[in-house]
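Chains as they are written, first to last, in the UniProt record's numbering: chain A, 1 to 252; chain B, 1 to 343; chain C, 1 to 401; chain D, 1 to 451.
Everything labelled a hint here was simulated from the structure, so no lab data went into it.
Being a predicted model, the structure only gives us computed values, none of them experimental.
Honestly, I wouldn't trust all of these hints.
[Claimed, not checked] A partial selection of chain C residues facing chain A, derived with a Cβ cut-off under 10 Å:
#, residue
1, ARG5
2, ASP165
3, ARG247
4, THR283
5, SER337
[As the list claims (entries may be wrong)] Quick list of in silico lysine-lysine cross-link-like pairs, DSS-like style, CA-CA up to 25 Å:
#, chain 1, residue 1, chain 2, residue 2
6, A, LYS7, A, LYS71
7, D, LYS197, B, LYS77
8, D, LYS197, D, LYS312
9, B, LYS68, D, LYS330
10, D, LYS312, B, LYS68
11, D, LYS104, B, LYS77
12, C, LYS157, D, LYS171
13, B, LYS68, D, LYS171
14, A, LYS241, A, LYS195
15, A, LYS7, A, LYS241
16, A, LYS52, A, LYS71
17, D, LYS334, B, LYS77
18, A, LYS52, A, LYS237
19, B, LYS77, A, LYS154
20, A, LYS142, C, LYS6
21, C, LYS89, D, LYS339
22, B, LYS68, D, LYS409
23, D, LYS171, B, LYS77
24, B, LYS77, D, LYS339
25, B, LYS68, D, LYS334
Backbone N, C-alpha and C define an ideal beta-carbon position, used for all residues, glycine too.
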Amino acid sequence: MGILEVKNVNKRFGGLQALGDVNLDIQENTVHAIIGPNGAGKSTLLNCLIGKLEPDTGSVTFDGQPVLGRKPHEINQMGISRVFQTPEIFNDLTVMENVLIPCFAKRDGAFRMHAVGSVASESDVMETAEKMLSDVNMLAKKDVHSGALSRGDKRRLEMAMCLVQEPKLLLLDEPTAGMARADTNNTIELLKEIKASRDITMVIIEHDMHVVFSLAQRITVLAQGTPLVEDTPEKIKGHPKVKEAYLGEAAA
Amino acid sequence: MDAIILQILNGLDKGSAYALIALGLTLIFGTLGVVNFAHGALFMLGAFCAVTLSRLLTLSHTVIDETKTDFLGNPLKVDMPYVNDIFGPEIGSTIIDWSVPLSILFAIPVMILIGVIMERGLIKHFYKRPHADQILVTFGLAIVLQEIVKYYFGANPIPTPAPDVFRGSFDFGAAVGMDPNVIIYPYWRLIYFAFATVIIGAVFAFLRFTTFGMVVRAGMADRETVGLLGINIDKRFTIMFGIAAAVAGVAGVMYTPINSPNYHMGMDFLVLSFVVVVVGGMGSLPGAVLAGFVLGILESLASMSAVIDLIPGINQVIIYMVAILILLTRPRGLMGRKGVMEE
Amino acid sequence: MLGLRKSDATLLLFVVAITILAPFILNPFPTNSAMAQFNGGYPDLMQRFVIFGIFAIGFNILFGLTGYLSFGHAAFLGVGSYAAIWMMKLLTMNVIPAIIISVIVAGLFSLVVGYISLRRSGIYFSILTLAFAQMSYSLAYSVLTPITGGETGLQPKNTDPRILDTLFGGGGAGGRANFFGLDMRDSYFWSVGDWSFVFNTGYYVAAILMIAAFYLSIRIFRSPFGLMLRAVKSNQQRMNYTGLNSRPYTLAAFVISGMYAGLAGGLLVAMDTQVGAERMFWTASGEVVLMAILGGAGTLIGPVLGAGFIKYFENIVSKINESILQGWFAALPDGLSDFMVAVIYPFIGKGWHLTLGLLFMLVVIFLPGGLVEGGQRIAALFRRKPKDNDGGMSAQATPAE
Amino acid sequence: MSNFQFTRRGLIKAAAATGAGLAMPTIISPAFAQNQAGYTNAPAGGTVTLGFNVPQSGPYADEGADELRAYELAVEHLNGGGDGGMMNTFSSKALKGNGILGKKVEFVTGDTQTKSDAARASAKSMIEKDGAIMITGGSSSGVAVAVQALCQDAGVIFMAGLTHSNDTTGKDKRANGFRHFFNSYMSGAALAPVLEKMYGSDRKAYHLTADYNWGYTTEEAIKSSTEAIGWETVNTVKTPLTQTDFSSYIAPVLQSGADVLVLNHYGGNMVNSLTNAVQFGLREKQVNGKNFEIVVPLYSRLMAKGAGANVKGIFGSTNWHWSLTDEGSKAFVKSFGEKYGFPPSQAAHTVYCQTLLYADAAERAGTFNPCGIVEALEGYEFDGLGNGKTLYRAEDHQCFKDVLVVKGKENPTSEFDLLEVVEVTPVDQVTYAPDHPQFAGGNLGQCNPGA
């Protein structure tokens, strides 16, 4: 049994069937990619996993616990973090503060009235955050306004924010979208390092096949809201159905 | 039962004033994305257009009347309006009598001008600023506008009556064979209601059936896309601001016979009209109109003495209570769209 | 010092120095000079400076940090005032119970209002708070007259029971608001040549509380809690996906700022034993918004400056009348003096609202960071090196939408 | 020269003037301060400062402006300028046109905003900063009661401006406060006989009442006095202060079977409710075989101006009107009219009288000490100030004088000529016992000289 189980999930928007009977079983400590043409329902699926959307039917369990019906912050506290397609960071805060916030969330839970002691005096949290920043190579920029960062830096910061929580499952929504080749390669290296250095399960949605085949151990192909096929990268590459539904289009 | 019919009638009339103000407010918010706290002030400026015109029409030279004396015992100075000199006393006094309806013609160009100046001179620079800043700068502007009006016209209300023929009231009851005096309603208020309906209809028709309106509506839905099509949406939005100002202005003009205008009438309406817009749903034109009428009717019903006796003070708070209830049960107001003004 | 980093400690010391020395700073002109008109160093105004300073500091904890714009904060101030005056009428004229109860009652009231209003955000939140405040005002003015005194408000009367005072023999201050016998209105005068300075008990009681409130607000700004509030303002969605529940944070901020408002309301009563319902009217809520923005929302010192600025305007500029103006320009030739009077007159005295509105627009247009930003720009001009001396300020540099 | 002084309350000027000539600051005991001054803000030097606290912003700003004009006129007359106005017709001849007690009268002004908080802040600044010995003005009972309580605490005299609620000299009366203006009870007592004469004793009245203290006392006064002449009260409905459109309150009036509408409204409320009532055509209606009538208990000319032609023929009461022909009124109208070009309002009249009465009391008492003033004013009878023989009653510090019943003029000759005096109700008819139930629950207390 995998760490994340998605069973018979359906989601309709008006007349449109966004997700139809999605079943997924994601194994612990793997990198699992979900690919598919535009409008296949990839992002909708991710949104259902983090509580942004509520599926019409079906169930999602994480680590044996039901996920559906919980609020976003509760799902995160279960150990699921997400990197968004456009980096969602605290633009008004400094890089360091951006990383401190998930540190506190990890240590103190969803809410703690911690109104008198200063942030600077929380040495354990400060250390964790600084270590994380140095891991992603951003320590030098810790006092910079995150709003002023480059897109690549924002992406790295967002990943740092997710990783510092030591999630069991990291969801990545097109982590290299809009990046230059060099940045993309850096990101792939970063993700590889992350994977190598800890026990973590990753689910990646990605268009860039280079990224997918560099990282993924298993791939699910989604088309029109339904999983078409799930297999190892090698097998997916040669799969006729996939070629027809997806790679044909991507190659064009 | 008669009492309830009467109050519903009344509420429609009240509601038409709310709806008119809320309509302009929503128009500005929907097109420009600006929260305009000076909208009440535009309503007030419209009302003072009527005052100004009636002052202009009654511009006078003085004639000494030796037969009468003034309060100090000196010969009385009688004002003779120039209009009387030009058109003769009969037509002259008719023109003066009709100054309020005439003011509409005067107010529309003036208010469009004021609106365009406001948009180009101030509001334009606030499109990209946070809503809080927009609220604050337009609030400051509202204070400045009303203080200027107060400086020139004083703090006292200024009577601006309707034309003679529209004074008095229409007896609905008698017209349908019921007892007389049961359901009566002033002519001018009926006119106001009809007027409001026409204006609201005209604005909707304008947005629906003209190319200009379609572009603006498209812009309301997705400004960037329309911009990408190479259409100069900003220019149209400026015009929309002028139109919204004119709608507020004529609403103000027509309101003057109902209540004598004073410099703070805009502020009196401001809070209320915001409640109306929010209850209707930010950015929704039909929502604003619907909420205006709903709140007008509820306010009227709450002012019935039977209701007040049952729940003391209900007439003081009904609007706010309804607003709270609606916002809690319908997060985006009656007809609001998702994601508007929630960040 | 006191668990503050250096720049904050400096700021705190600066505020302490200003409040203690206020009687000198606010009375810079000799008593009998023409400029004495501009002296603001009399007890009532000094008290108002610090009390509305507290109000604005509290408002800023909500608005400056979380970005939630409450348009109904005056209701908490008013509720605090009513609680305080009832304490004085029923128990004792000692200000301590009155102030404590005002904070508690305002806190409870803000808990209820906040719990409901915070279910919505953006302008919907603003309108909900406005609706609650307007309901409070309307009811206090009318049907609640037996509790609130309605139009004529509440004042202590010699017929009040004052149980504790009666029990302990009336206290020394004879039915006046006091701090264990120390009359709030006692003042020391110090005349130096043509100058005279007044040191008022009530002012210093309020000033100590304001310094405490200011200190607490620094601690909140620098705390993990403060960081979370800034996170709410910056990106509430990211916050939720980071495992943080934003609702209790915003509610806590709302209640804290409501308690600050209650403290201000209680102090108003302690200094001037009277409450009227207008204190809760929406324009009063608007005023504290103006104070925060004018001074610089999200900064530590800004709201205090804004409060001082507006109260100074309301009390000093509004008192300049035509004859005073004529006095100033009497030295000029007749025509010129008339001209000067005619030009300036619309903006002062009864025209003070106009000036305030204009200034306010100018600040919002050109100085979105308020007076603090203005000060920093001036300082930068001299130093040629902009310095980020205020952590909260950094949030202001790129306003969030 | 340096002087460190302790006192109960603030006067910067006086403190500055009493230099002790010591280099070291000295703390002076309260007892010493009292010996020196004896009362708050005792005038030092050749001038005395009065505080004129009137609405300069907000809806009553025009009324406030008229009050301010009258104050400036009164100061001019007290200092011997102008034609002397009512000082010449005033029955007391203590005032000599050389200021008060030989000290030149100066004044400071402030803005009440018609809010009790703002009014008190403004009054406090006059007392604490400017050393005002007396505060006067205001245009609403809320403000009057709030400032009166403040003056009582501070130990200065308060001479109320326009305040009509019974409470000002009823349950909220204070020893340091005095009211020249009339009140709700007097309006009722004066109006009832005229209404009976004009409209008969078989009438059904419908009250719309402003939902705050003044409205309550006025409604009670009018209700009890009209019921005493045989009228029936069909309904009383409270309307919110912030209401601007009264249509939903006016519309049901005819259905109720009432034939008289009483509008217990003032200011903007009155202008709007009256305008709305006339709009509904109520005045052309016949109910119970009688003409429908409207009554406005408290009239003011400025408000009548706001309501325009709607006031024609409508009865109400007023404290004073410029068309009165007694010597005092004529003298006042003349000097006010010549200075400003239009006749004074009743608010201007009452504050002018209050200023003169204060000055006169100080002259007669020979001191500015509030307790001396209180003694001089209590039970003081005077004449020549436009209202006939008048008594400042000792028990509640209320002036008892004739009350005017007026009605909106049918054919006004100018924008000021809006009301005509129908009857001058003699003072006996509007006098009530100090312990009348409508005034119960108050306590003057002791005069407070402060210091």
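Original post:
Which of the listed hints are broken here?
Top reply: Numbers 2, 4, 5, 7, 11, 13, 14, 18, 19, 21, 23 - these are the hints that the structure violates, sorted from lowest upward.
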